Amino acid sequence: MKKLSLAKLNDLFAAIAQREALYLPVDNGTGKAEYTKWQEGTVYSTALNTGRSAKDFFFPQTENLMEFKMEGKRIDVIDTREECEDFVIFGVRACDAASFDILDRVYLTDPVDTYYKNRRQHGTVVTMACGRPAETCFCGTFGIDAADPKGDVTCWTVEDGYVLRANTEKGEALLAAVDGLLTDTDDKAVQAAQEKTRAILAKLPLAALSTEGVGQGLTKELFDRPEWASLSEACLGCGTCTFVCPTCQCYDIRDFDTGHGIQRFRCWDSCMYSDFTKMAHGNPRVSQLERFRQRFMHKLVYFPDNNDGLFGCVGCGRCLARCPISMNIVKVMKTLAKGGNK
Amino acid sequence: MQRIGVFICHCGTNIAGTVDVKAVAEALSHEAGVVFSTDYQYMCSESGQQLMREAIREHRLTGIVVGSCSPRMHEATFRKAAAAEGLNSYMVEIANLREHVSWIHKDMKEATEKAIILGRAAIAKVHLNAPLQAGESPVTKRALVIGGGIAGIQTALDIAEAGFEVDIVEKSPTIGGKMAQLDKTFPTLDCAACILTPKMVDAAQHEKITIYAYSELEAVKGYIGNFKAQIRRKARFVDETKCTGCGICTEKCPMKKAPNEFNMGFDKRGAVYIPFAQAVPKVATIDADYCLMLKNGKCGICSKVCGAGAIDYKQQDEIIEREYGAIVAATGFNPIDAKVYGEYGYGTCPDVVTSLELERLMNAAGPTNGTLLRPSDKEHPHTVVFVQCVGSRCTETDERGKPYCSKICCMYTAKHAMLIREKYPDTDVYVFYIDVRTPGKNFDEFYRRAVEQYGVHYIKGMVGKVTQNGKQLRVQASDLLAGEQLHINADLVVLATAIEPDKTARSIGTMLTASMDTNDFFTEAHPKLRPVESPTAGIFLSGVCQGPKDIPETVSQASACAAKVIGVLAKDKLTCNPCVASSDELLCNGCSSCEKVCPYGAITYTDKEFRGPNRTTLIRRVASVNPAVCQGCGACTVACPSGAMDLKGFTNKQIMAEVDAICK
Amino acid sequence: MQKMMEKRALELLADGTVSRVLGWSAGEFPYDMTPAVFETAEELQDGFVYNDFCGANLSKYLIKESRKEGKILVFLKPCDTYSFNQLLAEHRIIRDNIYVIGIECYGKADVEKLKAMGLEGITGIYMKDGEYTVETVYGSQTVKAYEAMAERCLACKSKKHVVYDELIGEDGEVVTDCNRFDMVEQLEAMTPEQRFAFWRGELSRCIRCNACRNVCPACSCEQCVFDNPNSGVAQKAAVNSFEENMFHIIRAFHVAGRCTDCGECSRVCPQNIPLHLLNRKFIKDMNAFYGEYQAGEDPDKKPPLGTYTLGDREA
Amino acid sequence: MQVTEYKPKIVAFCCNWCSYAGADGAGSARLSYPEEVKIIRVPCSCRVNPMFILRAFQRGADGVIIAGCHPGDCHYTSGNYFTRRRMALLFSMLDYLGIERERTRVEWISAAEGAKFSKTMTEFCATVAALGENKRLEDLRCKK
Amino acid sequence: MEETLIPYAGIVTKITGQTPDVKTFRVEAPEGGKLFEHEPGQCAMLSVPGISEAMISITSSPTNKAFMEFSVKKCGCLTDWLHSMEEGQMITVRGPYGRPFPVHDELKGKNLIFVAGGIGLAPLRSVINFVRDNRADYGHVDIVYGSRSKDDLVNYDEIVGEWMHTPDFNVHLTIDREQEGWDGHVGFVPNYVKELDFKPENTCVLICGPPIMIKFTLPGLIELGFDKTQIFTTMELRMKCGIGKCGRCNIGNKYVCKDGPVFRFDQLDELPDEY
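Protein chains in written order, with this note's numbering: chain A, 1 to 342; chain B, 1 to 664; chain C, 1 to 315; chain D, 1 to 144; chain E, 1 to 275.
I should point out that these hints are in silico values taken from the structure, not numbers from a laboratory. Please read these numbers as outputs of a predicted model, since none were measured by experiment. Be a bit skeptical, because a hint or two may be false.
[Said to hold, decoys possible] Only pairs whose alpha carbons sit at most 25 Å apart, straight line, appear in this in silico BS3-like list of lysine-lysine:
no.	chain 1	residue 1	chain 2	residue 2
1	D	K143	B	K22
2	B	K339	B	K268
3	D	K144	B	K664
4	B	K653	D	K143
5	C	K115	A	K331
6	B	K596	C	K144
7	B	K256	B	K109
8	E	K199	A	K73
9	A	K278	B	K608
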């Protein structure tokens, strides 16, 4: 393990930024932190988490896939892909770091999504262990340890500085490059910090939330549960939960006529939208009930079904804080867990 | 994907002179969907249309783009040609390469580029065009003529003769208009009353004509074939049906202080009056501004003397509603107020009069019984000076006058001069003019008679000032040809004041939604080819309300106008404009935003059943548009937030496609 | 208040006046109430909650709910009654199927404000004497109620219920000295460059989640133009600055004269974009150009964009 | 050194009855105006949806002008009154967003006012040219 | 690196009108030949850039080495556009997507019954022609094909001209209502299947058509003694990516584009009823 003194944090950023683009949480002026590109003077925000998740780095809200030149009867397909530049994301929390595994399961399985892979290969993730989790946090429910996040490099805030640990080759390369700023250290301070965090985690209101009643193989049991009706009743059908969610990965492919060619781009889509599955002659998910159910069944049943029991939620709590009508996955899980034969 | 044919017209050299038509046709041939592109000398000619028709057949065209003159000119021509070949007329779009390109741009390269862009926009639109079918609407077989002057009377008579009912609405107590006030008429010098009054009587007696005199148009709704008009019948305080026109009341009325409008205020009339002997309808009218009974309830003499019991002091304005298939504006004119030209002394010197006032001073039925006397001292004038173009043909900077030529002044002044010289050969007559304009049959001969036979002094020059000089008027003027200043001591000065549309024309134009020019003359649908129609369908123009004209011209225009009206009324059904709004019921949420902005009340709402999820039925309120009532303005399409309301022929997507093509 | 509302709802359910009750149900935390429909006395007693965090405007749910069998009871705050009236004027809800109880309101709290004060790990919030005692896993703290009041409530335009069948609590008055246009005026006073920078900063955060639109009682189209592939302007993502502008300008324009300024758009925005400032600009302009108009106040009054006068100012 | 003036793209929505005819009138009278102005014919100025205006800016227009009949002269009685209200509000909103107010305009031009048409377009073009390229409402995807 | 989302541009070399609302498009690579190989039952994403993209089953057999064919019914934005196209124009194609009919294993050596309604013949045609070209590998073949009217029968010429003359092929055509010039069977497909009294032994059924047809044919087959494991169908849902990532075509945990479109009926039973 390596140590960075408190005073040298900015030097670390400068050193990284000299090599490659560095993104870290910065207060955006509305009391929320968002990932922002570091430049001299940028102040790292220690806020618990960013408003938007870190998935944008690998799965941006919109991205161009290709272009078409159309002339008369002719169509030319233009591959606009370019090799991505190396970059570092600093300060990713355990939940978001875990979300990358979930996205990988989708985008890196055959056929590989080359747009995603390109970014993933060139991005180095530096995680930051949590110190002050909030009431909306429940990453522990999905076996994620907020005190020991994954990532290429893990970082802990300790009393007199930061302790860093490289977890991967990419991480080691990063630390090696800034070695001049670091000193060797043992894991005592880290353990103390972790204990403190874990003690708080245990006191959180959602600490006891379990995955009992949901998970792999429960499609038949859960699909027709009557509670879906009341759970989905107030849902506005907006995309807030999906768009702030670090694991939601549905997308739409659209064409845009620029006047001198067709740009085909993809953008985030939401299974909560009424037109998500709409076809020329009907919609298999006719009402918000079906759409609402799809989102939670996907995270809690279908995804685990197809991914060895891994849940499609990391407990970051963003949807809890952001849903306009305060309906969320925790309420769904608790309702489903309560009496399965209502 | 449409199969589009592009036809670029040279319009002789009108377009081809500035636009490289071959290059345009070539460039547009590469646009998606264009399967045929060519240029031709005159697309609107028979052979041009033939070329288009052959191309439609040969290339199985589904859409046409013509690059030519304005669609306001030949859109209909090309639509007809397409329809003749079985292609829906509304699959034709025009790129305006003449009025909007070749005629305004000089640089060949730039004009050609612009022409190509406009062509692309038209192609982009045609791609989204859909065949449209015109609906039909019924025609109310009655016409309304607004104004009862010679124009209105002639139009009404002609329409009535063709067998259709006509209503004349006249704001004054009698029809007849300005012509009734005239003495003699040029160039034949027959007396105005002699030729006008029989027509007035004809109108009054015609079974198809109803005259609403002393009435004003209140409101008009509807559209061609189906207008609804509200007419205010102002209270005459005399029952028209009972009054015999005997005139006893007018004689006995003790209140004799009302200025007599008919005689231009030179004499007085009673509070109850008949404007002139030949008035139609010949009924008395009580002037509420002067009637003692109406003002303070004391008098009532007319009521007592009226044998027919026609006087009704309690009469109220009445509003009647009538339906019409066509409306004619024949609102006429007035001379401008000459007081604004203070330098001519009008209003301050009593012996400075206007030409229309002179008409009354010379008329046998006028205040002087036809003897020309000065207003000031009732003496014979020995020197008369006429001033031409008072308020006509003014430059833009002169805010008092009109930019146009009033057209009739040269001729009536020649007439006046001639008549004075004939009746009173001892009188010297001077005419100061800028130009003498005498185009018209026998006009120039008439003018030359005035100069050569009657010895009228025509002086090219301007009158600078007229001042009172004792009993006489001192006229300062310049003789441009002699290059000298003149001072003339005159007994009478006559101003040939400009004429302007009647003040009521503006509000009537607004009611009729008929457009007007800056001078408040009604705009014709086309200055040359459709001179008697307003651009608003079903509204026609008769007489001076469209522009200055003399009596023969007015009468011929009035008849032309009647012919156009008859053309509408003769039809049992009119083809509607298919470019109307329509609502997509699947998108409409029945919020009523569209209804609020529809000027025609064409939108109504119904509760309809729709299929909901899981075989349920939903009842929703949705808008529907009556295509016969909708005129296609599109106000509703913007009021509609969901985009349910769209306008056929000008759909959101079509307009956006044009925008895209233009901005590309 | 909650007790009175619950009691009255139980009575109306029991006597058959209504068959359902639209209110709020309890959440995981003291502040995350979800709008809910209760059909039985048990459901009401179990789950009905009303407190200072019940900010959601329930009127839009009535579009769907008033079309169902039976009458529904709805609790409306003063500002919600304006939305209700506007929906009524637009024929979107069926009045006969709704029983409106107006509830007095002196402003709702905004949990975001508490969190911005550094209150993390909230486990309980208790109201007493104009103060909130906020308990967190990191200790407890008291906060003055007005410090936690939602922005929209600080600029409340009316405490009057414009429609109701009965009232619980007092009916208030229209707030004549409300300062809701202050921020609009501040922006107007800036240079175009400053305004452009301000709005770029705000709108560039948009993630096009459509929460503002979907919560808006005025946005009740069967299908939004931005969702309709045939409209030619359909967009799904805030691809760039243009599309951000386009969406928000057109949305504001579509609700202009119909927006009651209920403030839901800004409340729900996950990116804290002050969307109400767009709507308020239109409201302010319409008031200034065409005379005072408050959407929802009088359903029979013609909206500014549905009428005109001959002497209107030029564009 | 000669500075080449910026040539803006101008979209002019003209109502069929007055302003389009006014444009024809300008043509008939050979009253020129810059070729940057391209006219789109609409039945009435009230047909112009704010979406069209934004669309034009998106696609590369630098200025948008809406021309209709004079108030009181609308072929459809009231269309231009609604245009006036809508555009007053829309333009004010654009201004509020910091988008140059001068890039948008409403003008009343009658069928008889060919001279006014030409003058208005010339002036508007010059105003927009002075502002330069539309940056604040541009869509980079549509730039070549 | 290959990216499946990036399509090939292909030339539509031939357009054949099949019925009033169905056309068959022959697509070839610009340099000639096929854009890619596929298995019977697989689909491809056809697109006209700027218009839309849609998943269409490949109706030609993999044994056809010269070109691919797609039969398209006019029912939306893209299909409307395709129907208005002309020969020589280009479109884009990507794929192949999805799991094919198991022609190399489960179906091999079996008697095959094809049951199709309307445009539902399109995916089956690929299998039918594959079977004709590998005749020795399969047993007896029955084809039951029905449509609203004679004019709505897709590939009529091929059926009458070729399939009817293939050894050990029985083609049973039916139309919904009596029609002049039709002396064949009249009636709905489900009833006709029962009337034909097929034997379940060593037989597999491949069925494709409108949901209502499938719904009523299935019990008939069960009645005749067929097991759900012997019956295969192919599904259609809204698809965008074609590779199980965009998230919209799932039924439960299965993605139609990746895990389907071909399903065996016993597999479908495992899925929730949301299609």
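Between K115/C and K331/A, does the CA-CA distance stay at or below 25 Å? Within the cut-off at roughly 21 Å; holds.
Hint consistency between K339/B and K268/B [alpha-carbon to alpha-carbon, up to 25 Å]: Roughly 21 Å separates the two Cα atoms, so the pair holds.
25 Å Cα cutoff - pair K144/D, K664/B: Roughly 9 Å between the alpha carbons, so the hint for K144/D and K664/B holds.
Given hint K608/B paired with K278/A - CA-CA distance at most 25 Å: Judged against 25 Å, a Cα distance of about 23 Å means the pair holds.
Given the hint that K596/B pairs with K144/C, does the C-alpha gap stay at or below 25 Å? violated (48 Å)
For the pair supplied as a hint, K199/E and K73/A, confirm whether the alpha-carbon distance does not exceed 25 Å. violated (51 Å)
Need the status of pair K143/D, K22/B: alpha-carbon distance at most 25 Å? violated (29 Å)
Just to be careful, I want the Cα atoms of K256/B and K109/B compared with a cutoff of 25 Å; is the pair within it? violated (76 Å)
Is the hinted pair K653/B and K143/D satisfied, with a Cα-Cα distance of at most 25 Å? Holds, at about 21 Å.
Comparing the model with each earlier hint shows violations of hints 1, 6, 7, 8; every other hint is respected.
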